[in-house]
Every structure is written in C-alpha cells, then in structure tokens.
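Numbering-wise, the sequence shown is residues 1 to 142 according to the numbering used here.
I should point out that these hints are in silico values taken from the structure, not numbers from a laboratory.
Be careful, since some hints might not be right.
[Said to hold, decoys possible] Capping the alpha-carbon separation at 20 Å, the derived lysine to any residue pairs in SDA-like fashion look like this:
no., residue 1, residue 2
1, Lys-106, Ala-91
2, Lys-106, Phe-119
3, Lys-106, Ala-134
On a predicted model such as this, the values are computed, not experimentally measured, just so you know.
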Amino acid sequence: MGITRILARTWLTLIFLSLTAGFLVSSASLSPVASSVPRAISLATLVLLLMNLARELRSREDPTDDSPASGKGKLVVILWISTLPLAVMAAGITAGSALFSLVFLKGYARETWMTSLVFSLVLGACLLLLSFLASGNPAANL
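Based on the provided sequences and hints, a complete structural model is requested.
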C-alpha cells in the first residue's frame with residue numbers, strides 16, 4: 001500500500017491525533033490538580049483515535065474512489081465533533097458530555113438505548129468524580 005493511499009484513508013484521524021497530542025502536551029504546564037481532567041480526556045481520546053487508525057489501516061476499501069458517499073461519512077463526523085463544544089457550553093462539562101455521548105451513541109452509532117444510557121451515565125459519573133477531585137465542588141461544574 002502506497003503512502004498516498006494511506007494518507008487518503010487516514011488523513012482525518014491523523015489530524016485529530018496531532019491535535020489531541022498537542023492538547024496533552026500543553027496540559028503538562030498545568031498544576032497536577034488542574035491537569036487531571038485534560039489528561040484523562042486526551043488519553044482516552046488518543047486510545048480511541050489509535051484504535052480508529054488501526055481499523056482504517058486494516059480496511060480493504062479503496063479510499064480514492066469517486067463515490068460521493070465516501071466523503072459524506074467524514075463530514076458527518078466533523079459535524080458531530082463540532083457539536084460537542086456547543087453541548088458543553090449549553091449544559092456544562094459533565095452534563096453536556098454525558099448528553100452528547102447519549103445522543104451520539106443512539107443517533108449516529110445506532111447503539112441500543114441501554115448501551116447508550118449506561119455509557120453516558122458512566123461518563124457523567126467519571127467526569128463528576130474528576131471534577132470533585134480537582135475542585136472539591138462538583139456542583140460548580142454541572
């Protein structure tokens with residue numbers, strides 16, 4: 001497989017990997033308490049992006065075909081990712097992230113309600129615990 005085909009298949013994931021790695025490096029300048037949430041989020045994101053990169057590299061489909069559906073999937077992903085900051089601004093980091101994951105898993109990923117709800121509740125609980133450990137007042141981040 002040539003480098004052109006690899007880049008055509010993985011360009012979006014590589015961009016997000018570099019942004020997440022930069023976010024992780026920039027959180028190193030924060031105090032240990034202030035950097036706990038950015039590090040937890042960026043490490044989880046890095047793991048998911050690396051799993052996606054491995055899936056894309058194993059894929060057999062040709063990324064250079066001219067079918068219009070091939071670009072639509074990446075546009076939808078970009079739109080979903082751009083709505084996360086809006087959800088966080090509207091509902092706060094804890095509730096916004098949990099709500100976003102619920103809607104994403106049920107609406108886009110087509111997961112069952114039970115799987116979506118359990119994952120969202122676990123995510124919300126983890127973020128609430130991290131905010132409590134970081135600030136001592138989790139209600140301030142709701």
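We went through each hint and held it up to the structure:
{"no.": "1", "hint": "Lys-106 - Ala-91", "result": "19 Å, holds"}
{"no.": "2", "hint": "Lys-106 - Phe-119", "result": "11 Å, holds"}
{"no.": "3", "hint": "Lys-106 - Ala-134", "result": "30 Å, violated"}
Hint check: a violation occurs at hint 3 only; the rest are consistent with the structure.
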